[in-house]
Amino acid sequence: MNGKYMKVITKVVVLFVMICAPVFSVAQTQNKFKLKTGAAGTLCLNCHDNFKSVLKKQFVHTPVKAGQCTGCHDAHTSSHGKLLAEEPNKICSKCHATVIPKNARSIHGVVLEGNCVKCHDPHGADNKFNLISAGNALCFGCHKDMGASLAKAKFKHSPVEKGCMNCHDPHASAKSDHLLKADLIPLCLNCHKSNSPNFAKAHRNYPVATARCTSCHNPHGSNTAGIFFDNVHAPVAKGTCNQCHDAPTAAAPFRTKKTGFELCKGCHNTMMNETFGKNRIHWPLVDKAGCSNCHEPHASARKNLLMGDGKAVCGKCHSDTMAIQVRLAEKEKQEKAAAGKGEVIKGGLTHAPVQEGNCEVCHSPHSADRSLLLKGPNTVELCGTCHDWLKHTSHPMGEKTLDLRNKNLKLDCLSCHRSHGTGYRYMIPFPTEPDLCIQCHKQYRR
Amino acid sequence: MAVFLRAFFVIGILSVSMVSWSADVAKLRYNTSVYADVKGVGFNHPEGVACSDKSVLVVGDTGNDRLLRYALQEETLKAETEIKIPQLTNPIRVQMNSKGDIFALDGKQRRIVRLAPEGAFKGYLAPEGQSPSTFVPRSFKIDKDDNIYILDVFSGRVLVLNPEGKFQKQINFPKEYGFFSDLAIDPKGNILLIDSIKARVFLAAKGSSTFSPLGATLKEYLSFPTSITTDNRGIIYITDENGAAIGILAQDGSFLGKQLSMGWNEGLLYYPSQTCMNEKGEVFIADRGNSRIQVFTLIK
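Here the protein sequences line up with chains U and X, keeping their order. If you're matching positions, the first sequence starts at 1 in this note's numbering and goes up one per residue. If you're matching positions, the second sequence starts at 1 in this note's numbering and goes up one per residue.
I should point out that these hints are in silico values taken from the structure, not numbers from a laboratory. Model, not experiment: these values are computed from the prediction. For each residue, glycine too, the CB sits at the ideal point set by N, CA and C. Hints should not be assumed to be uniformly reliable.
Claimed, not checked - Partial chain U-side listing against chain X, Cβ under 7 angstroms, derived:
1) Cys264
2) Lys288
3) Asn406
Claimed, not checked - Straight-line C-alpha distance at most 30 angstroms; calculated BS3-like pairs for lysine-lysine:
4) Lys11(U) - Lys152(U)
5) Lys311(U) - Lys144(X)
6) Lys108(X) - Lys265(U)
7) Lys258(U) - Lys198(X)
8) Lys144(X) - Lys175(X)
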């Protein structure tokens, strides 16, 4: 045998040893513990009989199919439920580490939480990818409002009917917000060809291929033809875009004819005069963005073309107030949970309208004569619109009742309560009622 | 081990002195409060206050549509005149120049009124030659040379006018911001803006034509800051309207501490508005929710 063949044989032997050594070593270890055949999984089925039916399902998780229950479970003990070998919200990522791309622009909440079992059965299912339900039904299990509104929608966007995954990535998107598979405009233009005559005609020849489609259209479906959001700004509905914008042939066709509130004033003159006639204005109304700080200029799913619910619209700027609400709601929940069975906790920590984002119950969103844009002639009247018991039984209040702490103040509801909550029951600014009362009734101070 | 202990000791001493320096850099000591005019008519939600080094104080008694002039004599405020003119309603910000002229921002009409020291109407501030012509002042300040700086929220800029009110230049707001409620001119001539929504200070250095953030967001410390001023060292004082406190920042924007808190008793604040500070270190706060002006002394 010449040296050349000898070298090749040596290499093959070394390679064989390298590949087989771990196998032999595992075998040796198995032998060491004298494990029965199938100890990694198939043996489990002797007791866990019900899993036999799982194995018959159309889609079975690979480790389960391979009889490797120990891929996820520890056969003896574990610090986690179901003898899982890792924390439930981390175990899937041990194998499926690339589900969230490194540069993700949006991540599905459940994926971020590691709550994979919300959508997937970890053992087996009748649906592809071990999904617990098929098609949109899976998504609508959580996104109930979306499911309900789509079911009622008169005009449905066909890709949505065919499946949410037509536009969304279920785990995360490196390309866009809202888990979209691509940026909004290119995604829409995949199907809607902007160079078609019909497209141009429908958009009054404005070059909307560069505009945000969801400024007018509800991408899921709506009750308005053209899947416009259900509340459409009159000029948009009439197709008179040039009422606010320059002509479609202009150099900057989307430029508005005027800026801020001055643009809206042209039509909403009466409302504007009423707004500007009050002593105090909501300042964003007169800034660069003006009305569009809170209102959609084209169409909206909400009444008055509002951009979102109260929490979203008001919370956009007043995040400090909204953060307090979240904290107080959590405290309320914890205190209720800690209370004994049947124990009634008196006095709310939170004020319902604020919690619900109905800020306009107390505040006038455009302008008011009172500071903090409070509605009504005075605080007692304002609170009395909901709390009518104030009118017949309460601590003396009103113009004739002086606040003993300050000669310029008259007693009203806000003398003792803070309407956004304080962390104390009845929304008082002190830990206990006596602490509050002795602020004025000093003779009872201990 | 000895080296480690020494290093630890030195770091400890340095940290303690830094903390105490932060706390000691500025403290507010309560002096007095003023509640009414010379006839005893009480304030109604005053939002504006202007002070001068000549011991003059002008209060924007917003809810009563008037200005009130006071003289400060040995820590006591003596009511002088009431200025109530048809050209001015809802004064929400007040300033004085070196000649004693009074400037007040009318919150209802959104225009700045110029008055003689005794209160005679001298006209509206209408800067000519600026483009675009529409401007909505949210606030304004006057520097030591009597130049006027207007925070124009409609066109997103600061307008700089000379003492006669002639347009000099404009500095556009930065690209990213929430809502600017007030501005201040520090002793070096830098312009500072306070963003109420992002709880952040922006600075345009003297001569610069752009604003950039000064320090990090103050969200952790302040709820909804709406007024800003500086002392003669350049230390920044921010009035936190919803948080009922005064936040104190170093010249580089780093947070040094917070003074005062929410309440109705004297020395406490309830939805405070404009704050003014004079050379003597007297601090005047329009305590709007408590319908009074509170006077503090800055203890350096």
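Comparing the hints with the structure gives:
no., hint, in the structure
1, Cys264, "violated, 13 angstroms"
2, Lys288, "holds, 5 angstroms"
3, Asn406, "holds, 6 angstroms"
4, Lys11(U) - Lys152(U), "violated, 71 angstroms"
5, Lys311(U) - Lys144(X), "violated, 43 angstroms"
6, Lys108(X) - Lys265(U), "holds, 17 angstroms"
7, Lys258(U) - Lys198(X), "holds, 27 angstroms"
8, Lys144(X) - Lys175(X), "holds, 29 angstroms"
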